[in-house]
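Residues in the sequence shown are numbered from 0 upward in steps of one, following numbering that gives the first Met the number 0.
By construction, these hints were calculated from the structure, which means they are not laboratory data.
Remember, it's a predicted structure, so these values are computed and weren't measured experimentally.
Some clues are possibly wrong.
Said to hold, decoys possible - When the alpha-carbon atoms are kept at most 20 Å apart in a straight line, the in silico PhoX-like pairs for lysine-lysine are as follows:
(1) LYS214 / LYS191
(2) LYS191 / LYS251
(3) LYS251 / LYS236
(4) LYS142 / LYS247
(5) LYS214 / LYS251
(6) LYS156 / LYS167
(7) LYS68 / LYS325
(8) LYS189 / LYS156
(9) LYS170 / LYS251
(10) LYS268 / LYS132
(11) LYS247 / LYS236
(12) LYS68 / LYS167
(13) LYS266 / LYS142
(14) LYS214 / LYS192
(15) LYS271 / LYS132
(16) LYS247 / LYS271
(17) LYS251 / LYS271
(18) LYS139 / LYS268
(19) LYS31 / LYS191
(20) LYS99 / LYS121
(21) LYS251 / LYS167
(22) LYS251 / LYS192
(23) LYS99 / LYS331
(24) LYS139 / LYS236
(25) LYS142 / LYS236
(26) LYS189 / LYS31
(27) LYS325 / LYS360
(28) LYS189 / LYS214
(29) LYS99 / LYS313
(30) LYS271 / LYS115
(31) LYS170 / LYS325
(32) LYS132 / LYS191
(33) LYS331 / LYS313
(34) LYS191 / LYS156
(35) LYS251 / LYS268
(36) LYS266 / LYS132
(37) LYS132 / LYS214
(38) LYS313 / LYS121
(39) LYS156 / LYS214
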Amino acid sequence: MNEIRTLRQEELLESFSLSEFAFQYELTAEEKAERIGSTDPNQVWGYFVDGAMAAKLTVLNFRTWLNGKSFAMGGIAGVATWPEYRRNGMVGQLLVQALKAMREQGQTISFLAPFKFEFYRKYGWETYVDYLKYEIPVDKLPKFQAAEGSSILRVAKSGEILDPIYAKFAKAYNGMMERDADWWNNRYLKFKKGTAAVYTNAQGEQRGYVFYQIKDSLATIHELVFLDEEARRGLWKFIADHDSMITKVEVKAPVDDQLPFLLHDPKFKQEKITYFSARIVDVEAFLTEYVFEARDGAETIYLHISDTHADWNKGVYRLQFTDNGKAAVVAKLSEDEIPAGDHLLSCNIQTLTALFMGYQKAGFMARIERLQGSEELVSRLEDAIPRRITYLADFF
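Work the whole structure out from these sequences, hints included.
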């Protein structure tokens, strides 16, 4: 008999063994004991065949920033199947169950790190974020001057110290995690070695930080956060002052980062890396929460959404705008309420997600025939969606 359900406490060790096999690592007895104490079996969904665990995934409870507003987000992680059960559609069934669970928990959006983008696209997830990776030789590091009265001090590796700065930075991007104390101290900082240093301006305001490690003449910047140009320059001066210890610096940045333009020689290794995927879990609830672009005389938008794996999302939605266009009264229409086809914009759940995360624009999606509707309606939708850069500094 086949069964999909959440795990029991005594089944966690089997789940860890499956992860060890699938992701090719090994936990010590101490690490397993620690994970048993920190893992909620109700967050882990298993596919069982005659009582044996064949596949599993975890739905983590997170929050993410979107247009400056915090959204409940379900993070899909630890997706794995024993080899003898693979290619039987078990992960697909687990993903559908996860969508139902996330909807019940009020998580209107979901993120995951795809092992294969094509696979997760079949189930409605779509690429939502890229990042830049720099490898800067020490002789090309910036030669900035520190602002008068500013300072940089090394601090304890503590989320309590860093989060007030991080939260302001994260809120400016779409798709960044809202980190709680547990994530900071038991996940993010715990497994990264290194030093943290905070930038303070002449007014005594903490405006940035760098969390980094130096090993074998390489400076690995785990995280570089700055709230203004002065902090950026001050932090990069601090990094460059390690020049006697290093030969190069590795750092990741959002795709709108302009550091190369600021350097005396911008020719160094730069990669653009496609990262996580996102999926709208509950269209009606998501659109109701969404913060739209402020605009005068915002006209009603009708969206016809298709979703193969979440039936509750299929249908036509009417968005009537209030608050100078920034909010919408969202209604899912019955058959007799649906307007004529020339009033509709039509797309699938992947396209909707890419649009409302801010990763792609409506005009582009229309040109590649992933958004159907008149040019006027496409422009209306594009004007309604705020233009924000997507970024994610975490992994799960």
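Hint check results:
no.	hint	in the structure
1	LYS214 / LYS191	holds, 13 Å
2	LYS191 / LYS251	holds, 15 Å
3	LYS251 / LYS236	holds, 17 Å
4	LYS142 / LYS247	holds, 15 Å
5	LYS214 / LYS251	holds, 17 Å
6	LYS156 / LYS167	holds, 19 Å
7	LYS68 / LYS325	holds, 12 Å
8	LYS189 / LYS156	holds, 9 Å
9	LYS170 / LYS251	holds, 18 Å
10	LYS268 / LYS132	holds, 8 Å
11	LYS247 / LYS236	holds, 14 Å
12	LYS68 / LYS167	holds, 12 Å
13	LYS266 / LYS142	holds, 15 Å
14	LYS214 / LYS192	holds, 10 Å
15	LYS271 / LYS132	holds, 6 Å
16	LYS247 / LYS271	holds, 19 Å
17	LYS251 / LYS271	holds, 10 Å
18	LYS139 / LYS268	holds, 11 Å
19	LYS31 / LYS191	holds, 19 Å
20	LYS99 / LYS121	holds, 17 Å
21	LYS251 / LYS167	holds, 18 Å
22	LYS251 / LYS192	holds, 17 Å
23	LYS99 / LYS331	holds, 19 Å
24	LYS139 / LYS236	holds, 12 Å
25	LYS142 / LYS236	holds, 7 Å
26	LYS189 / LYS31	holds, 16 Å
27	LYS325 / LYS360	holds, 18 Å
28	LYS189 / LYS214	holds, 18 Å
29	LYS99 / LYS313	holds, 14 Å
30	LYS271 / LYS115	holds, 18 Å
31	LYS170 / LYS325	holds, 17 Å
32	LYS132 / LYS191	holds, 18 Å
33	LYS331 / LYS313	holds, 9 Å
34	LYS191 / LYS156	holds, 10 Å
35	LYS251 / LYS268	holds, 12 Å
36	LYS266 / LYS132	holds, 14 Å
37	LYS132 / LYS214	holds, 18 Å
38	LYS313 / LYS121	holds, 16 Å
39	LYS156 / LYS214	holds, 18 Å
Hint violations for this structure: none, all hints satisfied.
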